[in-house]
Amino acid sequence: MSGQTATSPSTTPRRFDPLARKDDLDAFRAEVRAWLEAVVPADWHARMTGATEADYVAFQRWWFAEMGKVGLATPHWPRDWGGADIGIRHQVIIFEEIARAQAPNPDMFVISLYHLPATLFGNGSKAQRDRYLTGVQERGEVWCQGFSEPGSGSDLASLRTRAERKGDVYVINGQKVWSSYGAFADYCLLLARTDPTAPKKQAGISYFILDMKTPGVTVRPIRQATGQAEFCEIFLDNVEIPVSDLIGEENGGWAIAQSTLSAERGLIIFELSERMARTLDADLAEAKRTGADWLKDDEARRAFTRAYSDMVALRLMIRTLMQEIETDPHMGSTSMPTYIKVHFSELLRRYTEFRVKLGGLSGQLRAPIVLGGGHQTGNVMHDFLLSYAWTISGGANEILKTMIAERALGLPR
Amino acid sequence: MSDGNSDGMDLEALRDGVRAVLAEQASHEKVAAFTNAEGVRDQPLWAQAAELGWLALSASEDHGGLGLGPSELAVLYEELGRAVASLPVLGTMLVIEALARGGDAAQQAAWTPGLAAGELAGAVSMVTPADLEPSLRVSAGPDGGVVLDGVAENLLDGAAADVLLLLARDGEISRWVLVEPAVDGVAIEKVATVDRTRHLGEVRFEGVVVPAERVLGGDAGQIAQALLHHAALALASDARGGANAIFEITLDYLKTREQFGKPIGSFQALKHRCADHKIALVASGALVAEAVAKMASGDPAAGRYALAAKALATEVYARVAQDAVQLHGGIGYTWEHPCHLYLKRAKLNEQLFGGPAVYLDRVTDLLLTAA
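Residue numbers (this note's numbering), protein chains in the order written: chain X, 1 to 413; chain U, 1001 to 1371.
Next comes chain X alone, as it looks inside the complex:
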């Protein structure tokens, strides 16, 4: 299946332009909804169920391009870099409507949409921003992240991939791991050690842009517990990166990496929480419609409502964060993103586990999944397994809890 021919509706009644209506929130919402109704294929869940990897990638690219056509791929980016500079109320509407329409998750573009700008806005050169942000917007370039290594997970600063300056290039040798969509990526956000003798290990790390087509780059997919191979290992063998693709100062990469990681705790969870809200509502409506057994089980009902209340609390925390971001875009003072990441991931684990329990034996049968369905793949065990991605990645929850205790609560190191 080619994404374009198989999925674009045969008749597009008109061009949609939600951003032209952004001064009127109701009109903006109506236009986003109309666009989604016209463009999201009604049968995409069915077609992505058990789809091949090639079909999935084509579909992702098609969906990202469709979002781009109406300016909704990167509306959260500042206008100076091709975004729409919209505020929190518009962002809420977009996420609510996307969740309502059960539109596909642009999973493959997560690093391109969030981590890359979080990195380049504050730290990239103008040339880097012009080249790479435009690349995402205009050419749908896919980015991956090259942070973790086999020996450096939670202790990221111990990373050993080496970068040595030789003339106009840095020569990279080492190995990266857990790079989502590395097999399809055009570029990689790469951390490597430029000064192995620095007194603090954090002080010897630099931040690079790596073109994945560079000679010496080898990508090998890793099969996960889900059976899919979204993660990749990246082997770097005398890979040359031009000096112009160093982000920030040499040996200044650690602080920039914190900006990258903060992206994981912001808007991404915002979108996921809206989808989660939609899922819980839909699950309850479905249970009501079918007279599901669990509605007669006090323990299950209470577990559901506890999860529901935690979901409502999550959305409220995110709204608080969005207001904080509007007043202070650098969010230097708040621990809210970290609270949100831990709360969201633990709730996701608990709720997907709840669904597995309700699923009984039939929930244990192998069944095809909806690719691009986020955490609602139609297979409860798959959703449950996927929840580990959120409790482990972007700083394992145990690391974040130590951070909260020390930075927010002031407990001694």
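The reader is advised that the hints may include incorrect statements.
[To be verified] SDA-like mimics (lysine to any residue), calculated; alpha carbons at most 20 Å apart, straight line:
| # | chain 1 | residue 1 | chain 2 | residue 2 |
| --- | --- | --- | --- | --- |
| 1 | U | Lys1347 | U | Gln1326 |
| 2 | X | Lys296 | U | Pro1356 |
| 3 | U | Lys1294 | X | Arg315 |
| 4 | X | Lys296 | U | Ala1130 |
| 5 | U | Lys1294 | X | Gln323 |
| 6 | X | Lys288 | U | Thr1369 |
| 7 | U | Lys1262 | X | Arg407 |
| 8 | X | Lys288 | U | Ala1370 |
| 9 | X | Lys296 | U | Asp1365 |
| 10 | X | Lys288 | U | Asp1361 |
| 11 | X | Lys69 | X | Ala51 |
| 12 | U | Lys1294 | X | Arg319 |
| 13 | U | Lys1294 | X | Lys296 |
| 14 | X | Lys288 | U | Lys1294 |
| 15 | X | Lys296 | U | Leu1368 |
| 16 | U | Lys1294 | X | Lys69 |
| 17 | U | Lys1255 | X | Arg413 |
| 18 | X | Lys288 | U | Leu1368 |
| 19 | U | Lys1262 | X | Met403 |
Think of the hints as simulated: they come from the structure by calculation, not from any bench.
Got chain X; can you put chain U on it based on the hints?
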């Protein structure tokens, strides 16, 4: 809680004012001294609360009140919870709310000003989300009066009350009846709770006749609903304040108490528990604040939010207070340390006006209705 009908007041100024008074009048030492003496109403504190207008917050301006709403009340309840103060305001506030909803002009004029001024303290039957039939019965009596028979149980702060608002069964329907024990010749028996900052009261009626004008009009079920929502927000706010306070006390202890040559707060096993508590406090606090805001704006979902907030916030309070004792070690288990005041109040809050399970069950029903 009724909707606020004024523009509201500066909530932070109110909070600062209440907190400053309580720091003085309801310090842990004073709370301990008062509760050790088994008191039912701390008269100097009550008088000061009355003088400062705390009891008048929600009463209408026509009846000597300030006409404020849920947002201001929530601040008061939260600060009382922070201080684990023994100040029986909730019963009084609930009687004021019931009068505003079901009382006629004469009833409001007769009772509300005294309640708002702190001259009268109130207590109400403990309604819960579980729809239990009241065991108290009311029937027509002589000379246009009504007769009460049976037991009115679980009256929060009842032994400190001058006026009781009781839910009674009248055949197939229920009615709210005002009882003035001193006038009507009934005795309130104090029922001691493990949490000594509060207590319950119980009154037995055998053919007690009260004048018919003591019966409230309006739909008794709807009044019960409103009182339940008010109590839920009050207890959720109390829990929020108490949980934050005991958590802060615990953090201070972890930063200063040294064992093995370092502060015990440097141990990761304790850090992670504190981080979990912090996240739970932020999450439940957000839900309580939203419930208050929805009640203040008259949002149709306000009741559901209030019930969910009660279940969540009181459970979080109980969890944090429980762990506070453990994190303090031996000192936290002593009578002189405030930990047990918070722990006992947290456990009582969980059960007042119904336990978490009945709240969750009602919230589930409401979600299903909306689904």
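Status of each hint after checking the structure:
1. U:Lys1347 to U:Gln1326: Cα-Cα ~16 Å, so holds.
2. X:Lys296 to U:Pro1356: Holds - the C-alpha atoms of Pro1356 of chain U and Lys296 of chain X are around 18 Å apart, at most 20 Å.
3. U:Lys1294 to X:Arg315: At roughly 15 Å apart (the allowed maximum being 20 Å), Arg315 of chain X and Lys1294 of chain U satisfy the hint.
4. X:Lys296 to U:Ala1130: holds, 16 Å
5. U:Lys1294 to X:Gln323: Since the Cα atoms of Lys1294 of chain U and Gln323 of chain X sit roughly 19 Å apart, the hinted pair holds (cutoff 20 Å).
6. X:Lys288 to U:Thr1369: holds, 9 Å
7. U:Lys1262 to X:Arg407: holds, 18 Å
8. X:Lys288 to U:Ala1370: holds, 10 Å
9. X:Lys296 to U:Asp1365: Holds - the C-alpha atoms of Asp1365 of chain U and Lys296 of chain X are around 11 Å apart, at most 20 Å.
10. X:Lys288 to U:Asp1361: holds, 15 Å
11. X:Lys69 to X:Ala51: violated, 25 Å
12. U:Lys1294 to X:Arg319: holds, 15 Å
13. U:Lys1294 to X:Lys296: violated, 30 Å
14. X:Lys288 to U:Lys1294: violated, 26 Å
15. X:Lys296 to U:Leu1368: holds, 12 Å
16. U:Lys1294 to X:Lys69: The hint is violated at about 38 Å.
17. U:Lys1255 to X:Arg413: Within the cut-off at roughly 10 Å; holds.
18. X:Lys288 to U:Leu1368: holds, 7 Å
19. U:Lys1262 to X:Met403: Since the Cα atoms of Lys1262 of chain U and Met403 of chain X sit roughly 19 Å apart, the hinted pair holds (cutoff 20 Å).
The structure shown violates the earlier hints numbered 11, 13, 14, 16.
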